[in-house]
Amino acid sequence: MEALIADTEKQWFAMRDLTRSNAKLPAYKMLDELKIENFTPMVQKLIIRHGKRERTEVPFMHDLLFVHDSRLTLDSLVESVYTFQYRFQKGRIPMTVRDVDMERFMKTARYSDTPRYLRPEEITPNMRKRCIRIIGGPLNDVEGTLLTVRGSKKKRLLVELPMLMAVSVEIEQPEYIQLL
Numbered sequence: 290m291e292a293l294i295a296d297t298e299k300q301w302f303a304m305r306d307l308t309r310s311n312a313k314l315p316a317y318k319m320l321d322e323l324k325i326e327n328f329t330p331m332v333q334k335l336i337i338r339h340g341k342r343e344r345t346e347v348p349f350m351h352d353l354l355f356v357h358d359s360r361l362t363l364d365s366l367v368e369s370v371y372t373f374q375y376r377f378q379k380g381r382i383p384m385t386v387r388d389v390d391m392e393r394f395m396k397t398a399r400y401s402d403t404p405r406y407l408r409p410e411e412i413t414p415n416m417r418k419r420c421i422r423i424i425g426g427p428l429n430d431v432e433g434t435l436l437t438v439r440g441s442k443k444k445r446l447l448v449e450l451p452m453l454m455a456v457s458v459e460i461e462q463p464e465y466i467q468l469l
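Counting from 1, position 71 in the sequence shown corresponds to residue 360 in my numbering; the numbering is continuous, with no gaps.
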């Protein structure tokens, strides 16, 4: 009975998109058309199309996206679309992200026009030294790590989704930073 309740409850799943990077209908666009809530970390890139350079938004990691829906809904979608799969933990358990962690990550990523995304292997122990909370402003109550770059006077907030990725944004008002 508990498994059935868990299967019908909405939660954030980490998913894989196995389409090519130049596909006309990547998974995040398919989910938008189906009106299924999803989040794909996007970055700006310059591409050459018909001999002209264009700035366009593309996924930071093409095969990673987050979907907020029930397991039952996603199971039927995964069965019908062979390029759309779950990301699994050990033991073939689909990877999920807690709602509060995902909301914090999305709030941070949407705060800036130029968020910097990092893969887990790019995050060093030195980056995790000082835990902070933002008090006030658009990032109010967001907790993360203070990221200082050598030679820069600007402070950055680093928010992680463990084992998946992290986002870093510049804090424009350093007075909002509270050390934990």
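Fair warning: there could be bad hints in the mix.
The calculated lysine-lysine pairs, modelled on DSSO-like cross-linking and capped at a C-alpha distance of 27 Å, are [stated by the list, open to error]: (1) K418 / K444; (2) K318 / K334; (3) K418 / K299.
It should be emphasised that the hints constitute simulated quantities derived from the structure, not laboratory data.
For each hint, the structure was consulted:
Proposed proximity of K418 and K444 is supported: the alpha carbons are some 14 Å apart, at most 27 Å. The hinted pair formed by K318 and K334 meets the criterion: a straight-line CA distance of about 18 Å does not exceed 27 Å. For the suggested pair K418 and K299, the alpha carbons sit about 34 Å apart, so the restraint of at most 27 Å is broken.
Violated hint for the displayed structure: number 3, the only one.
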